[in-house]
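Protein sequence lines correspond, in order, to chains A and B.
The first sequence lines up with residues 778 to 1103 when you count with this note's numbering.
The second sequence lines up with residues 778 to 1103 when you count with this note's numbering.
Worth flagging that the hints you see were computed from the coordinates, not collected in a lab.
Hints are not guaranteed to be accurate.
Note: identical chains are not told apart, hence a pair may lie in one copy or across any two.
[What the hints assert, rightly or not] The calculated lysine-lysine pairs, modelled on DSS-like cross-linking and capped at a C-alpha distance of 30 Å, are:
# : residue 1 : residue 2
1 : K1039     : K813
2 : K1088     : K1039
3 : K1024     : K909
4 : K1035     : K824
5 : K931      : K1039
All values derive from a computational prediction rather than experimental measurement.
Protein chains: 2
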Amino acid sequence: MDDLKNKLVSMLKDDLAEIEKALSKNLDPYFDIVSKVAGHILFSGGKRLRPLLLILCARLCNHSGENLPYFSTVPEYVHAATLLHDDLIDEAKLRHNKPVANSVWGNSIAVLTGDFLLARSLAISAQIGNLKIVEVIAEVTQKMSEGEIFQLYKKGNIDLTEEEYFEIIKRKTAILFEGSCKVGAMMAKASMNHETNLSTYGFNLGLAFQMADDLLDYTSDTKTLGKNIGTDLKEGKLTLPVIIALKNATPSDSSVMKKIIKDNNFSDYDFNILVELLNRYEGISYTSNKAYEYILKAKEAISMFPMSKTKEILLMLADYVLARKM
Amino acid sequence: MDDLKNKLVSMLKDDLAEIEKALSKNLDPYFDIVSKVAGHILFSGGKRLRPLLLILCARLCNHSGENLPYFSTVPEYVHAATLLHDDLIDEAKLRHNKPVANSVWGNSIAVLTGDFLLARSLAISAQIGNLKIVEVIAEVTQKMSEGEIFQLYKKGNIDLTEEEYFEIIKRKTAILFEGSCKVGAMMAKASMNHETNLSTYGFNLGLAFQMADDLLDYTSDTKTLGKNIGTDLKEGKLTLPVIIALKNATPSDSSVMKKIIKDNNFSDYDFNILVELLNRYEGISYTSNKAYEYILKAKEAISMFPMSKTKEILLMLADYVLARKM
């Protein structure tokens, strides 16, 4: 796994450097304070998957490439904006253990900086000069915000269905991956067929990415993940491993699980019991298999493209999404 | 004054009805919950000045008019989004007197619904089919968010200058008024000259509107205004009446004022002293005169248009902005 990551990073070194440069340059705020706050979220070790997808898909469709890093900032700014607004929401449950004054100042700045990034991404996307591209970005951000509202509305709901889970991760992650690939293809003036195929690649990659992310919350450890495991559950977010295990469990094991889930301050001991039950009732394996299926679909979607270095990278990215440990 | 308002409402009755219909229809959310929350802020008695400006300016430039109500929702959604995100910020100082849990749920929903409205407005503006219009809206929202961040950054700063105050109200209010007028002119394919003049009208109207708004916080009463007077000050927002009075006051009166300003929980008695000083040191009259100057500039900007019912309404709107009591 680390080999795959290192190989990818080395193959993408130049692109990643260009993306970093563009992300910083394109912020272009009127007030210094804006660039300080936006920079804080933007330059905290993101993987830059969305800008990479835009660039790689455009390149696969023979885009010459000069202005790609510039415009690849669009989906990353959207992503950073949603992170800023998500952090606010996720902070909510922690609020009780924290001095309120701090988090209030933080929240306000976070929200406004998110707004700035959202507006900035749309302003930059308008510069591409293709109205259809602006429509894609505006629709993606609209659907993402609806998805977040739906997720919030369902927070703490122990009866979340598999279907509702997919609706959430589709909107939360898959449509921005899809949009990044689609915009790349559109910038390259690709055929409708190629545009559709690359959109399908991105969409399925996004679903698998989010499922892998949700799995890590139960299968990783705090040190590797860089944040506490079990966090989703503490925030009241039911993800697929839990949904499936709850469905498959005996009534008695199901109520053990529900008791732990409903307790926002479950102990490590309880959490380990839960993880064991997620394994026993195939919540982990089911999710993992599903993610694998979506990765296959993503790869299948780009099968009509002749092999090239760029295609190889897109295939490797798909493997990386499934295998990543953080 | 009430006569002017009644006359305007009666002349604009049909437009206002069309705007209300479009605001509700255009929300078009995937989840019912989104329309519920967005509806809460959208249908709470707004004056619809921004949609009206778009429609009236388009009409002044001979736009035939059919799709105007539909597209007039764009600036109103932007406005509602900023209100939602402002409420969050303004709530901050009140938080201490309120149960936190309530306001947390409210904040999250408010932020996400604001995001939805922002994205929706850009998606609708893209439907107009003119990339330049999207650019206007994206740039306006970008500048507005920067202005909000700047205002937040300056909150509680007793040394705010007149120049900084104008930078804030320009971004907070004037550029969206300007943008509404400009988009109206662009939709009508007006000449560059007419577009510029209508933009100037909107910009100056917006400045005057915000100054009048800031004045009301000291000159109105709670019942008429529908919210507590002195609120700006309690939230740490220095506005022009205070800035000017502080500049003109004797050192001893200046420190009396500063003491009241710095006390977030000033009494009615203290507030009355402050208002008296704002009057004595010409903070009120200076602001009022400035607002009047901008209204004159706004009217002057549309002088080249021949008299018509629409022009008459735009002139009346300018008078209304200055004379309004709530």
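| query | Any hints this thing doesn't respect? Which numbers, in order? | reply | 2, 3 and 4
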